[in-house]
Structure formats: C-alpha cells, structure tokens
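Trainee: With chain S fixed as given, assemble chain V onto it according to the hints.
Chains as they are written, first to last, in this note's numbering: chain S, 1 to 314; chain V, 1 to 251.
Honestly, the hints are just simulated from the structure, not real lab data. Incorrect hints may appear among the rest.
As the list claims (entries may be wrong) - Here are the computed lysine-lysine pairs in the DSBU-like style, where the Cα-Cα straight-line distance is at most 35 Å:
#1 S/K233 with S/K180
#2 V/K83 with S/K135
#3 S/K70 with V/K218
#4 V/K13 with S/K3
What the hints assert, rightly or not - Derived, one-sided and incomplete: chain S residues facing chain V with beta-carbon distance under 8 Å:
#5 S48
#6 P52
#7 K70
#8 Y86
#9 D88
#10 R90
#11 E103
What the hints assert, rightly or not - So the derived list for chain S, only partly shown, Cβ under 7 Å to chain V, looks like this:
#12 Y50
#13 R74
#14 Y78
#15 I101
#16 K102
The structure presented is a predicted model; accordingly, all values stated were derived computationally and were not measured. Heads up, the beta-carbon is just placed ideally off N, CA and C, and yes, glycines get one too.
So the chains spell out like this:
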Amino acid sequence: MIKVEHLTKRYAGFTAVNDLSFEVEKGEIVGFLGPNGAGKSTTMRMLSTYMPATSGTASVAGFDVFSQSKEARRHLGYMPENVPLYTDMRVDEYLRYRASIKEITGSRQRERVGDVKELCHLREVESRIIGTLSKGYRQRVGLADALLHAPDLLILDEPTIGLDPNQIRQVRDLIRTLSKHHTILLSTHILPEVEMTCSRVIIINRGQIEAADTPENLIHSMRAAGEIRLQIKTASAEEAVALLGTLPGVKEVSAAVEEEGWSLLTLRIDSKADPAESIWEAARDRKWAVRELSCRRATLEDVFVEMTLGDEEA
Amino acid sequence: MSKFFTLLAREVKSYFYSPIAYVVLCFFLILTGLCFYSGVAFLSRGATEVTVVEAFFNSVPFWIGFILIFPPITMRVFAEEFKMGTMETLMTAPVGDWQVVLSKFGGALIFYIVLWLPTLLYFVIFQEVARTAAATSLGAYWGSYLELLMVGALFISVGCFASVLTQNQIVAAVISLCVITFFFLGGLISYFTPNISAAFRLAVNYGSVLEHMGEFSKGLIDSRRFVFYGSGTLLMLFLTQRVFQYRRWKS
Numbered sequence: 001m002i003k004v005e006h007l008t009k010r011y012a013g014f015t016a017v018n019d020l021s022f023e024v025e026k027g028e029i030v031g032f033l034g035p036n037g038a039g040k041s042t043t044m045r046m047l048s049t050y051m052p053a054t055s056g057t058a059s060v061a062g063f064d065v066f067s068q069s070k071e072a073r074r075h076l077g078y079m080p081e082n083v084p085l086y087t088d089m090r091v092d093e094y095l096r097y098r099a100s101i102k103e104i105t106g107s108r109q110r111e112r113v114g115d116v117k118e119l120c121h122l123r124e125v126e127s128r129i130i131g132t133l134s135k136g137y138r139q140r141v142g143l144a145d146a147l148l149h150a151p152d153l154l155i156l157d158e159p160t161i162g163l164d165p166n167q168i169r170q171v172r173d174l175i176r177t178l179s180k181h182h183t184i185l186l187s188t189h190i191l192p193e194v195e196m197t198c199s200r201v202i203i204i205n206r207g208q209i210e211a212a213d214t215p216e217n218l219i220h221s222m223r224a225a226g227e228i229r230l231q232i233k234t235a236s237a238e239e240a241v242a243l244l245g246t247l248p249g250v251k252e253v254s255a256a257v258e259e260e261g262w263s264l265l266t267l268r269i270d271s272k273a274d275p276a277e278s279i280w281e282a283a284r285d286r287k288w289a290v291r292e293l294s295c296r297r298a299t300l301e302d303v304f305v306e307m308t309l310g311d312e313e314a
Numbered sequence: 001m002s003k004f005f006t007l008l009a010r011e012v013k014s015y016f017y018s019p020i021a022y023v024v025l026c027f028f029l030i031l032t033g034l035c036f037y038s039g040v041a042f043l044s045r046g047a048t049e050v051t052v053v054e055a056f057f058n059s060v061p062f063w064i065g066f067i068l069i070f071p072p073i074t075m076r077v078f079a080e081e082f083k084m085g086t087m088e089t090l091m092t093a094p095v096g097d098w099q100v101v102l103s104k105f106g107g108a109l110i111f112y113i114v115l116w117l118p119t120l121l122y123f124v125i126f127q128e129v130a131r132t133a134a135a136t137s138l139g140a141y142w143g144s145y146l147e148l149l150m151v152g153a154l155f156i157s158v159g160c161f162a163s164v165l166t167q168n169q170i171v172a173a174v175i176s177l178c179v180i181t182f183f184f185l186g187g188l189i190s191y192f193t194p195n196i197s198a199a200f201r202l203a204v205n206y207g208s209v210l211e212h213m214g215e216f217s218k219g220l221i222d223s224r225r226f227v228f229y230g231s232g233t234l235l236m237l238f239l240t241q242r243v244f245q246y247r248r249w250k251s
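Excised from the complex, chain S in its bound form:
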C-alpha cells in the first residue's frame, strides 16, 4: 500500500528525513514512532503529497506521490497534526464541501457524509460552527473528512494528541473499527496505545529508521527485556551480585544499599527467560532475608527509550 524508497528531505542546513525506506502492506495498522523532531510529520507530509521529497521516491496504492500526485490523493485520507479546519464553517457544510472537492457528488455525497457522521459520532454537532467545537469533536471532524472518500490508506498524524483519556479510548476504538477496511499509518506518542492497536511499529530517530517490527518482536529483541527488583538483607551485597549474575537469563545486576543492611538489587533479564524461581532458590539457600521480589516486563516504552536515547547513554 505504501512503498518508500530512499526518501530524503533536506531543509536549508539540516536533514529532516534521511534515506528512509519501508513498506506497508494492505490491511496493516502501522505505528510511526519517534521523539519530537524525528521526521515523522515530514515523512507523513511527503506521503500525503503535500510536500515533495528532496530525493528518493514514495508511492501510495501504486501511484507515485510526486508524479501521480492527484491519483495518489484519491486513494489516501490524511489528517494533519493539530487537525486544521475551516473554523468559520458548520460541520455539515464543511463535510459537504470536502466531499465535493474530493469528487463525491449527488446522492453518493449525501450517503458518504451521512456515513462518516455516523461513524465519528458527529450527528449531535452537525449544525454547529467548527470554531465553537471542543478539541475532541474537531479531531473527529478531521477524521470524518479523511474518511469521506473511503480511501484505501489513512495517514493520521497524532490522532489522539490533546484529547482526554475517554476521548483517546474512543478514537482508539474507532481506529480499530476502521482497520477492517483501511490500511492505517499513524503517528503517536502514546506507546501503550500503539501496543494495543498496531500490528507493526516503525521507530525513527533523527530521520532514520531505528527499528521496524511487530511490538512483540521489538520487545523480545531488546538488550534487556525486563527487570526484577530484589530487596534482601545480606552481609555482603557484592557476593550476592556476583552470584545472581551467574544465573541463566540474568544479563546485568546492579546493587544499591538501603537502610539497616537491606540492599536493593536490580536485575535486567532476558526476554525469553524467567529466572525468578532460581533467584528465589538462591536466596533461600544463602538464607537472605527477602523483602521484595518483583518482576516487571518490558513495554514498548522501554524499546522506544532504548532506541531513541540509546547512543547518548552509551
């Protein structure tokens, strides 16, 4: 559905997107992640045909976004960041206007405008002026507009930014409903959301792809995919660190001394192993007093931090 090859965008003095290549298959929901300024919006703008690339090519539904721009636009629905709308128009008027310039006319227009209003729950505000709507409703108007021409591909730039938790949930449910008929490329900062909705994730940083895989695989491929916290009372914390380090599945152990002889050990563990049981056995054999033994699985957030902050830490 999307094919991007060596896409580069240079502004005077800096490179926003550097030699990006990826593909999105029909029916996928792909999450596009990256810190602010990583080049997400720039890439989406190029894919949406708004902005030409400095070099490289991109195609949407088989149409080149530059040379067959109009044809590509007919196959994609784009919702820009912050959802720009004509604030002086009424919701219904705006949707009919957008339908007309997207070449949907007559009875089909009535049908489509009705459908998207239904889908995005806009019935109750259809005659309100857009400028008076809350952020959540505006977001839905933007989404309704993107859906009007029933595009094969939806490009959504931060569809949940600035929404309250309930609205985020509604938009997320909506996106899941849409995924039955549309391929979706969306960018967001809310990582649990990506884990829940996306079938694949592309993480970019400084204009380049850091990783592209399913959320599960990304978590598994991490340097350390989880953490175990262990609080024990022992005569020698160093000895405990050395011993625990040798257990299978444990990658790294660090210790911090707490009050009254307690030590807090943090163990980074492999994604596939679960050494909690052997840790417990080791503690029992050595007669350490245990105050806490807890396990935290890695999330996409850890992957994100590792990918995008990794080099600075190292």
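Mentor: Just chain V now, kept in the frame of chain S:
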C-alpha cells in the same frame, strides 16, 4: 470544473463569514456616498462640461479610498490558510494549483463586484431626480465600470501575489498596499514633472490608472487598456501560482 465552483463558493462565503467584509463594505459605502454627494454638489453650482459619472469617478478622495480597499480584501486569501494549516488539507485533496489560485482570485473579484453594486443605485436615483439626458450617457457608465473591473482585477491579482508570499496577513496587506500605491502614483508622474519628453509622458500615461479612468468615464473605450490590464493580471496570477507551488516545495 464543478470542483472549481465548489472552491469558488467557499471563497466567496468566507468573506461574508468574517467581519472584515462588513467593515470594508461599510467604509466603502460611506466613501462612495460622500464622493457622489460632493460630485452632485459640484454639478449643482452651475453649468459645467463634466457629467455626473466623470465627477464621481475622478475625485481625489475616491482614488485614495479606492486603493485602501484592496489589502483587506486580498490579504487573507493565501496567508490565512498557510497560517492555519488548512492549506495542508486543501492541497492533499485532489485539486490543482491553478484551481486554487483562480478560485481565490475569483472569490476576491466577486466580493469586489459586490462592493460596487450599491453604487449603481446612486446613478439610478440621480437619473430619476435630475431627469436630464445630458446627465448621462450609457457609454460613460459602461466605460467607468469596465475600467473599475479591469483595475480591480489587476490590483486583486497583486494582492493575491502579496498574500502567497507570507503567512502573515499584515505583511501581505502592507506589501500589496505599497505595490498598488507605487503603481498608482507612478501614473501621476506627468502631473508633477511638466518638463518630461513626450515619449516618456506617453509611456507613463500608458500605465496610469487615472488617465484611463479619465477616458473611460467619458465613454471612450480603448482596447489597448484591455491588453494592459489583462496581461498585467495574467502575469500576477502566473507569478502567484509559481510562488504557491514553490512554497510547498521548500516548506
């Protein structure tokens, strides 16, 4: 084509959604009303060779006010959409650059025509009251309004060009005001400097809005003026389309 009319309708409507339209309309009605009043007052002082049409369209306050209406009409056409980001939604729908440029130009031109419509009433009333054949000639009406339409088209295209250069409406207004004022004053050079060569005077007068109005308001319709304003407008629209494209390329 229907897409163009959809875009055009949106442009025209957007004028009447904003308070600027009503401020400009109001200002313009007061100005033209005063000019018409002073024109009639001048005529009623005694016998003269000028007609009411000439008196109305060739007074100084009329032209000063006339120049001032273009920046508020055109400053927002592109600048506002760039600022609001709606250009992004507009240009990712299957519409062409020219469709957008022409619809914005056309929308402003239609609003400009709406501004002028009430002034027709002045002459209708005058005709009713004066009941003299000498007060008018059909050619003078046609000529004056044709000239207004052509000057309007040119100045609006200049305003559109100024608006596409920036996303700040104030900057767009200042640019268009400067360009239009310089252009207008350029046509007056021959009044201030009497010792210029005949050729230079001819060249200056060729581009002088006031000279043209002088002729047209007498009913002298000169086809050279169509070429002048027509080509000027087309050139400005062409530049507008180029810059419009370029801005998205570098943005």
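Trainee: Compare the structure with each hint and give your call.
Mentor: We went through each hint and held it up to the structure:
no.	hint	in the structure
1	S/K233 with S/K180	55 Å, violated
2	V/K83 with S/K135	18 Å, holds
3	S/K70 with V/K218	50 Å, violated
4	V/K13 with S/K3	40 Å, violated
5	S48	5 Å, holds
6	P52	6 Å, holds
7	K70	5 Å, holds
8	Y86	6 Å, holds
9	D88	4 Å, holds
10	R90	10 Å, violated
11	E103	6 Å, holds
12	Y50	5 Å, holds
13	R74	5 Å, holds
14	Y78	5 Å, holds
15	I101	5 Å, holds
16	K102	5 Å, holds
In summary, the numbered hints that this structure violates are 1, 3, 4 and 10.
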